[in-house]
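Undergrad: Chains D and A, in that order, are what the protein sequence lines are.
Each residue of the first sequence is one higher than the one before, starting from 1 at the first, in the numbering used here.
Each residue of the second sequence is one higher than the one before, starting from 420 at the first, in the numbering used here.
Worth flagging that the hints you see were computed from the coordinates, not collected in a lab.
Do not take every clue at face value.
Claimed, not checked - Here are some chain D residues pointing at chain A (derived, C-beta under 10 Å):
(1) 71
(2) 75
(3) 106
Glycine included, every Cβ here is placed at the ideal spot set by N, Cα and C.
Here is what each chain is made of, one letter per residue.
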Amino acid sequence: MQSVTLRINNIACRYETTNVLENINFSAKGGDFIGVIGPNASGKSTLLKSISKVLKPHTGVVLLNGRDVHTLKSAEIAKNLAVVPQESVISFAFTALEVVLMGRTPHLNRFEMESTQDLAIAKEAMELTNTWYLAERPIDTLSGGEKQRIIIARALTQEPRVLLLDEPTDHLDINHQIEILDLIKRLSKEEKMVVIGVFHDLNIASRYCDRLILLYKGRIFAAGGAGDVLTGENIEKVYGVKVTVKQDDVSGKLFIHPQRKRMIKATKARVHVIAGSGSAVSLMNELVENGYKVSLGVINIGDSDYITAKALELDIVEEKPFCHITERSYEKNLELIKQADYVILTNIPIGFANIKNLKAAGEAQNLIIVEKEPIEKRDYTEGEASELYRGLKANAALVKNSHGVLDTLKSIESRVHHE
Amino acid sequence: MYTHYLKKIFHWKLIITYLTVILGLTVVLATTLGAAHISPVVVLKILLTKLPLINNLIIPTWSVGEATIILQIRLPRIILGMLVGAALGVAGTAMQGLFKNPMADPYITGISSGAALGAILTIVFGLTIFGMYTIPLMAFVGAAAAIFLVYNIASVRGKLPVSTLLLAGIAVTLFLSAIISFLMYTAGEKLHGIVFWLMGGLWGRNWNHVMMAFPFICFGSILIYIFARDLNVILLGEEPAQHLGIEVETLKKIIILSTSLITAAAVSVSGIIGFVGLVIPHIMRILVGPDHRVLLPSSALVGGIFLIWADTLARTIIAPTEIPVGIITALFGAPFFIYLLRTRKRSIF
Chain D
1 MQSVTLRINN
11 IACRYETTNV
21 LENINFSAKG
31 GDFIGVIGPN
41 ASGKSTLLKS
51 ISKVLKPHTG
61 VVLLNGRDVH
71 TLKSAEIAKN
81 LAVVPQESVI
91 SFAFTALEVV
101 LMGRTPHLNR
111 FEMESTQDLA
121 IAKEAMELTN
131 TWYLAERPID
141 TLSGGEKQRI
151 IIARALTQEP
161 RVLLLDEPTD
171 HLDINHQIEI
181 LDLIKRLSKE
191 EKMVVIGVFH
201 DLNIASRYCD
211 RLILLYKGRI
221 FAAGGAGDVL
231 TGENIEKVYG
241 VKVTVKQDDV
251 SGKLFIHPQR
261 KRMIKATKAR
271 VHVIAGSGSA
281 VSLMNELVEN
291 GYKVSLGVIN
301 IGDSDYITAK
311 ALELDIVEEK
321 PFCHITERSY
331 EKNLELIKQA
341 DYVILTNIPI
351 GFANIKNLKA
361 AGEAQNLIIV
371 EKEPIEKRDY
381 TEGEASELYR
391 GLKANAALVK
401 NSHGVLDTLK
411 SIESRVHHE
Chain A
420 MYTHYLKKIF
430 HWKLIITYLT
440 VILGLTVVLA
450 TTLGAAHISP
460 VVVLKILLTK
470 LPLINNLIIP
480 TWSVGEATII
490 LQIRLPRIIL
500 GMLVGAALGV
510 AGTAMQGLFK
520 NPMADPYITG
530 ISSGAALGAI
540 LTIVFGLTIF
550 GMYTIPLMAF
560 VGAAAAIFLV
570 YNIASVRGKL
580 PVSTLLLAGI
590 AVTLFLSAII
600 SFLMYTAGEK
610 LHGIVFWLMG
620 GLWGRNWNHV
630 MMAFPFICFG
640 SILIYIFARD
650 LNVILLGEEP
660 AQHLGIEVET
670 LKKIIILSTS
680 LITAAAVSVS
690 GIIGFVGLVI
700 PHIMRILVGP
710 DHRVLLPSSA
720 LVGGIFLIWA
730 DTLARTIIAP
740 TEIPVGIITA
750 LFGAPFFIYL
760 LRTRKRSIF
């Protein structure tokens with residue numbers, strides 16, 4: 001199999017007098033899957049266009065196997081490089097198979113008809129993209145997603161060594177997104193193909209790309225592995241939004257979650273939450289959305305509830321990971337509990353590490369307990385917790401879930417209001 | 420599926436063969452029809468004398484006048500009708516493909532108004548520099564000038580954006596039409612000649628007209644056919660076409676120039692015959708599909724067949740008076756087209 005190299009050598013592009021791209025340098029070899037990311041108007045599409053010869057860079061060269069693409073004939077390029085555009089407007093009555101067969105154009109002489117071999121290549125591409133059943137359907141009767149898969153099949157029919165994708169999966173359902181990108185990823189490895197894709201979805205980019213190029217105002221802001229590029233700092237600087245970067249438990253890939261911008265002012269009562277193991281993630285969000293001033297404690301650093309509270313910028317009493325609650329944080333927690341109008345105890349398992357939270361809950365003015373399971377099932381203190389819990393329950397409102405909490409808060413408040 | 424695909428190609432060949440046979444029959448049949456009554460047998464015999472090998476076997480049983488009517492009056496007119504119809508069919512197909520616009524026709528780049536202005540100037544000023552061929556020559560010059568103008572207005576830094584081309588064509592057409600209207604307004608007794616030319620017709624055409632139009636139409640049509648596959652691919656859009664190896668700007672220039680060439684040649688010998696170039700490509704797209712490799716030749720053949728029959732009607736329906744053939748093409752073509760549109764529910768473009 002012939003190997004392929006692509007070098008982007010210091011290119012700059014400008015429309016009229018505005019620089020759209022500047023100082024772009026990178027290279028790729030067979031098997032690389034490179035993601036180009038960046039906010040709108042950062043030059044992503046321009047970069048793809050200058051690689052595919054649609055746009056001539058103002059300075060610099062794009063070298064495909066060592067040859068400047070702007071000196072090559074379109075047909076020569078098309079034998080090696082295929083492009084899947086963002087959206088394709090096809091409004092005429094060619095069948096899907098005929099459109100896919102057009103991918104053979106660069107390989108055919110002017111008067112040559114498509115041979116059985118060309119048909120076999122087209123069929124294989126359609127089977128890979130799961131579109132063979134659409135072969136005889138007129139292209140203008142297909143849905144957006146079906147059409148996009150046909151276009152991808154057409155690109156594969158070109159038997160390219162380099163595949164450029166401009167947000168290829170924008171119109172696809174999640175199942176087809178995964179299916180198509182898994183396929184392209186597999187082909188990039190098996191066929192030693194260079195894949196360069198522009199992605200809006202950072203999680204998709206992180207999941208599939210070996211290397212990422214983050215563009216910002218026409219320059220490479222960061223490049224390298226996902227770990228180096230997709231940092232909270234980089235993303236905040238480039239996209240102007242705070243994000244949480246986490247590692248996916250299953251794939252080990254990074255995934256990015258935009259943090260909520262604090263737009264709702266806390267105007268209502270103070271609510272303190274005693275939680276853990278992610279039991280209060282949605283509850284805290286709902287409380288904040290409804291205008292309560294929320295605090296959390298005591299919570300171990302790294303717990304999902306901790307991360308959520310951090311993102312929501314709540315008051316937190318924290319404890320080191322996997323450590324027992326210390327006297328100091330217990331006191332701080334007590335402070336918040338006393339200030340709070342309401343305290344909510346979620347359905348958490350109680351061990352010796354966090355039993356102090358139960359003790360602190362006893363100091364609450366108004367306690368609401370979320371109970372999904374009886375305490376006995378989640379008591380890891382040989383009965384001590386259960387005893388404390390029963391004492392708390394006697395003076396608390398009991399609810400089943402976070403909706404119940406909000407309903408209770410509302411009904412108490414309206415009662416107070418009436419009196 | 421291979422068999423399915425091979426069937427399609429076989430089907431194409433069949434279509435072209437059938438249409439060629441029908442065209443041949445049309446030429447012969449149309450020659451037998453006319454104001455002077457000459458029996459079909461005699462017509463056939465006269466035609467056969469022009470074929471090599473068998474021409475010596477036929478014993479002349481007709482008058483010199485009959486032979487002249489067939490060979491010097493009817494036949495050149497029919498052959499010219501075939502050429503013009505084919506040219507308009509090919510040009511319309513290519514323009515609709517290139518512009519991705521079902522409203523496009525061969526005249527869209529201002530060719531008709533340029534040719535008309537050339538012809539009308541000749542009529543109004545009574546120019547006779549090249550004798551009876553002055554009008555066709557001037558019409559050709561006018562058409563060429565119009566396309567040159569439109570092309571230069573539309574081209575931006577060596578590129579030819581099709582939407583600009585379309586608008587430039589409309590603008591130039593409107594401008595030239597204003598001059599034409601003025602000339603017609605002040606033409607006085609020459610108005611009838613102008614109107615007759617504008618409506619298009621093939622009366623009084625001879626072999627010299629055929630020889631004038633033939634090389635251009637033949638050369639231009641072949642050139643367009645060479646780029647048939649490229650016309651398919653450009654329907655995907657200009658950028659996708661380039662990604663499939665088409666030199667898009669070159670293709671646009673070749674198609675525009677060769678289409679202009681054959682249209683100008685057709686218009687200069689026949690005047691402005693409407694409808695054929697607009698509707699024949701649509702009809703053929705419905706009947707044979709959108710692939711230009713079969714669409715172009717079949718549009719040429721059917722364009723030829725259609726115009727021969729339309730002209731035959733034009734010269735026989737109220738003989739000896741001639742009706743401009745443009746009236747016939749629209750009068751009979753439009754209802755048929757509407758019928759096809761209504762019976763085929765699917766969009767055709």
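Undergrad: Next, verify each hint and record whether it holds.
TA: Structure-based check of each hint:
Annotation: interface hint on residue 71(D) violated; nearest CB of chain A at approximately 14 Å, more than 10 Å. Contact between residue 75(D) and chain A, as hinted, is supported at the beta carbon level, the nearest pair being about 3 Å apart and thus within 10 Å. Here the hint on residue 106(D) is kept, as its CB sits about 3 Å from the closest CB of chain A, short of 10 Å.
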